[in-house]
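Chemist: These protein sequence lines map, in sequence, to chains G and Z. Anchor point for the first sequence: position 43 equals 43 in this note's numbering, and the numbering is continuous, going up by one each time. Anchor point for the second sequence: position 114 equals 114 in this note's numbering, and the numbering is continuous, going up by one each time.
Bear in mind the hints are in silico, worked out from the structure with no lab data behind them. Every value quoted in this text rests on a predicted model; they were computed, and no experiment measured them. Beta carbons: idealized from backbone N, C-alpha and C, even for Gly. Some hints here could point you the wrong way.
As the list claims (entries may be wrong) - Heads up, incomplete: computed chain G residues facing chain Z, CB under 7 Å, no partners named:
| # | residue |
| --- | --- |
| 1 | Ala38 |
| 2 | Thr42 |
| 3 | Gly46 |
| 4 | Leu54 |
| 5 | Met71 |
| 6 | Met72 |
| 7 | Trp75 |
| 8 | Leu138 |
| 9 | His157 |
| 10 | Ile158 |
| 11 | Pro162 |
| 12 | Leu188 |
| 13 | Ser193 |
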Amino acid sequence: MQDLTSSLKDVRGATCTANTPSDDVLLAQFARGDAAAARVLTDRLGPRSFSVALRMLGSRAEAEDITQEAMMRLWKMAPDWVSGQAKVSTWLYRVTMNLCVDYLRKQKPDRLADVPEPEDGQASVAERMQDKARKDALQVALSQLPERQRQAVVLRHIEELPNPEIAGIMGISVEAVESLTARGKRSLVAILSDRRGELGYDDD
Amino acid sequence: MTMTEDEKQLDQLLTQARQSRPELPDTLAVRILTDAEEVRLGQKTLAGKPARSLWTRIVDGVGGWRGMGGLVAASAAGVWIGFAAPGFLPDPATYIYGQETSFVLADLDTSFLEDTE
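Pulled out of the complex, with its shape left as it was, chain G reads as follows (with noise of 0.2 Å):
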């Protein structure tokens, strides 16, 4: 275990180069037994899946499942997958949505989202409660939307994904995307608009 949690210091802060294999190579290689590439896609695609996770469920201990989950299923369909049949990434994300959709579905509809913890650097603390008060309202505020605008506004607005890739990865046209996006961003200026009194925004 100190073995893996070594390696993955390693990988870490690598950045993707032309000389860097592509997510395909490195899973045709993990399956072919490489655990090299599997601590290098581990680095690559995990933040991804638990970013959209933590943005879709609000809740750190729940994503971290997901992401797991969604990360397993990665690794066993590697022996499976078809070089350039489509971004790993796009499936990953498509998985990732799928777990969270199905988590959220089995919760009570009243339960309110826990929000995610700050990542601040070096905020004075009041920037930070300010910040903080901030990030979270757009948490709650996008856990108050429903399930498809949601995973719209997050892989366009948070992830910086493109329609196309936004509307593989949930099954619908490109309008579709364009319309629950622009949906959801209306409804989050309207949730936002009605607690901006308790976010201090006229103090910018």
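Let chain G serve as the given structure and place chain Z on it in line with the hints.
Modeler: Here is chain Z on its own, set in the frame of chain G:
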């Protein structure tokens, strides 16, 4: 505050969210890599098994070497019966070719086929 300003405010929040994407927790990375290792070792075990030859699969299919012995004995008996038919059995050649058949395809009742369509 106008609607446009509200939208700008949302864009600001989304920008902050993009700039503070969470890193993968180390504990989660270890869990993921532990799973990967289990799957990798499992696949290696399966892949490491020697491929079974066609002959081995045929022998297994008829019940192993004991079944294979029975199959050989039955085949030998069939050949012997065909070569030297006992008196109490009719000659198969006469039985097949000794009488003309009056059976033609047009006699078949095909009405049941129409019912199924």
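Chemist: Next step is simple, just say for each hint if it's right about the structure.
Modeler: Quick rundown of the hints versus the structure:
no., hint, result
1, Ala38, "holds (4 Å)"
2, Thr42, "holds (5 Å)"
3, Gly46, "holds (4 Å)"
4, Leu54, "holds (6 Å)"
5, Met71, "holds (5 Å)"
6, Met72, "holds (5 Å)"
7, Trp75, "holds (4 Å)"
8, Leu138, "holds (5 Å)"
9, His157, "holds (5 Å)"
10, Ile158, "holds (5 Å)"
11, Pro162, "violated (15 Å)"
12, Leu188, "holds (5 Å)"
13, Ser193, "holds (5 Å)"
The structure fails hint 11 only (numbered hints given earlier).
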